[in-house]
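As a plain string of letters, each chain reads:
There are 2 protein chains.
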Amino acid sequence: MADFETLSEPLPRRLRDGLERLATVLKADQWSAASAAGLNPTQSLVLSYLAGRGASGMRVKEVAAHLGVTQPTATDSVNALERKGLVRKGADADDARAIAVRVTTAGRAAVKAIGLTAMATDRALATLTHGEQADMLLLVIKLIRSLQIAGALPDQRICATCKYFQPHAHASADKPHHCNFVNAAFGARHLRLDCAEHEPAEPSVQAEAWRRFAPETSTPS
Amino acid sequence: MADFETLSEPLPRRLRDGLERLATVLKADQWSAASAAGLNPTQSLVLSYLAGRGASGMRVKEVAAHLGVTQPTATDSVNALERKGLVRKGADADDARAIAVRVTTAGRAAVKAIGLTAMATDRALATLTHGEQADMLLLVIKLIRSLQIAGALPDQRICATCKYFQPHAHASADKPHHCNFVNAAFGARHLRLDCAEHEPAEPSVQAEAWRRFAPETSTPS
DNA sequence: ACATATAGATAGGAATCCTATTTATCCGTC
DNA sequence: GACGGATAAATAGGATTCCTATCTATATGT
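Here the protein sequences line up with chains G and X, keeping their order.
Just so we're aligned, residue 713 is where the first sequence starts under my numbering, counting upward by one.
Just so we're aligned, residue 713 is where the second sequence starts under my numbering, counting upward by one.
Hint data in this document are derived by calculation from the structure and do not stem from the laboratory.
Among the clues, some could well be false.
Where chains are identical, the list cannot tell them apart; a pair therefore holds if satisfied intra-copy or between any two copies.
Cut-off 27 Å, straight-line C-alpha distance, at most; resulting in silico cross-link-like pairs (DSSO-like, lysine-lysine) [what the hints assert, rightly or not]: (1) Lys824 x Lys773; (2) Lys875 x Lys801; (3) Lys887 x Lys824; (4) Lys739 x Lys773.
Could you build the full structure based on these sequences and the hints that come with them?
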């Protein structure tokens with residue numbers, strides 16, 4: 713009898729192919745949503761990134777890291793947004809070399825408009841059961857953390873690295889975790905990926921919290 | 713006590729954000745792998761798509777559908793690849809309007825070189841346990857199927873839509889499914905996303921197979 | 001045949017994205 | 001306090017992606 717282990721690609725490779733498939737839909741979604749607001753996917757990503765951060769603005773370098781592109785490319789996109797009046801470049805308070813890119817009021821309106829657009833990806837995710845969605849969220853968080861540790865992603869504002877996060881602080885099966893910032897219990901389905909209130913914990917504290925939070929996953933070597 | 717349901721974005725929305733995060737890494741990975749072979753992510757996607765299909769070649773329209781871009785864009789990329797000698801445009805056997813885009817020997821070599829490149833995404837996926845990887849594969853398959861049904865993806869060569877697929881044909885917990893093509897039992901971790909031997913089953917047969925395969929997930933309306 | 005639909009190419013233009021380089025500022029050290 | 005190496009961003013130059021709109025040629029149905 714044939715052996716599937718030798719017939720097919722390794723599982724991680726097939727998974728990556730699957731994620732690539734999802735990524736093409738994601739990108740097509742971004743095109744339709746963004747172009748309805750007069751911009752394109754990259755610009756919309758920059759805009760929503762800036763909108764989710766503080767009023768002090770972000771540096772071009774940080775925008776580039778978030779997009780996973782080089783700094784000149786980020787400059788291009790920021791300039792395109794500036795031409796459209798959706799962002800403004802200001803002086804950085806701490807460093808005269810740096811600039812602070814901030815969303816304008818018009819920019820925030822565009823973000824909101826784009827956020828309201830129904831996307832094929834959302835509809836597909838909605839066909840999963842609540843349990844499946846929660847499972848998927850956890851897996852995505854694990855991947856994001858691995859990628860952050862590997863340096864493939866800049867610091868992510870996820871619960872796992874936050875000083876306010878208390879994993880398994882409660883006996884409840886539904887809401888075992890606790891957030892010291894809002895002082896509330898919550899469950900896996902409420903874990904955040906980019907929390908505005910995130911404060912990074914000390915590395916050793918992060919490691920310990922992760923160990924208690926997700927003992928199953930191995931730490932990348 | 714604060715309520716997380718009202719505090720945070722809906723779960724599908726956060727999931728989409730997470731997938732977007734993974735997509736940026738995926739794209740950066742594609743850049744480094746592809747540029748080592750003298751091309752860019754889009755070209756490498758076209759090339760590996762063609763390499764995974766028959767020798768009769770694919771039409772420009774199909775390339776466009778696979779990439780999720782418009783036909784003129786696909787023409788651009790195919791032309792770029794043709795200039796580099798990695799694909800060839802030939803006459804289509806069935807339709808004089810159409811062309812058959814085929815990989816050249818050099819093109820296959822490039823695909824192989826890119827495939828061997830170690831990627832950050834693969835390393836991250838490898839940090840998941842085998843069980844987690846299998847869970848993720850299943851979730852990704854469910855999403856791909858939803859997206860295909862919704863028309864957001866062209867026909868995917870996944871087991872779930874294949875006439876050779878017999879879900880839960882065996883009592884084995886490890887390898888409950890059966891593939892009539894290779895005549896072998898297999899488990900969730902061996903499910904394929906783009907099987908070269910795939911033959912689409914009748915819609916009604918597909919629906920019935922899916923019902924037996926994954927009773928939990930709801931069908932998109 | 002004739003109208004309509006479809007495959008692909010072409011035209012035109014905005015943006016993405018890279019590498020390499022330049023300018024200005026920061027920062028630790030002598 | 002000046003000097004030299006890092007760092008933030010801009011600039012230059014160029015290939016490609018990606019769109020919409022349109023054009024040509026072939027297919028297809030009445």
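At most 27 Å between C-alpha atoms: does Lys875 with Lys801 qualify within a copy, between copies, both, or neither?
-> Classified as neither; 31 Å inside a copy, 58 Å across copies.
Indicate which option fits the pair Lys824, Lys773 if close means a Cα-Cα distance not exceeding 27 Å: within, between, both or neither.
-> This pair counts as within: shortest intra-copy Cα distance 25 Å, inter-copy 34 Å.
Check Lys739 against Lys773 for me: Cα-Cα at most 27 Å, and say if that holds within a copy, between copies, both or neither.
-> both (23 Å within a copy, 18 Å between copies)
How would you classify Lys887 and Lys824 at a CA-CA limit of 27 Å: within, between, both, or neither?
-> neither (30 Å within a copy, 47 Å between copies)
The structure does not agree with the numbered hints 2, 3 stated previously, though it agrees with the rest.
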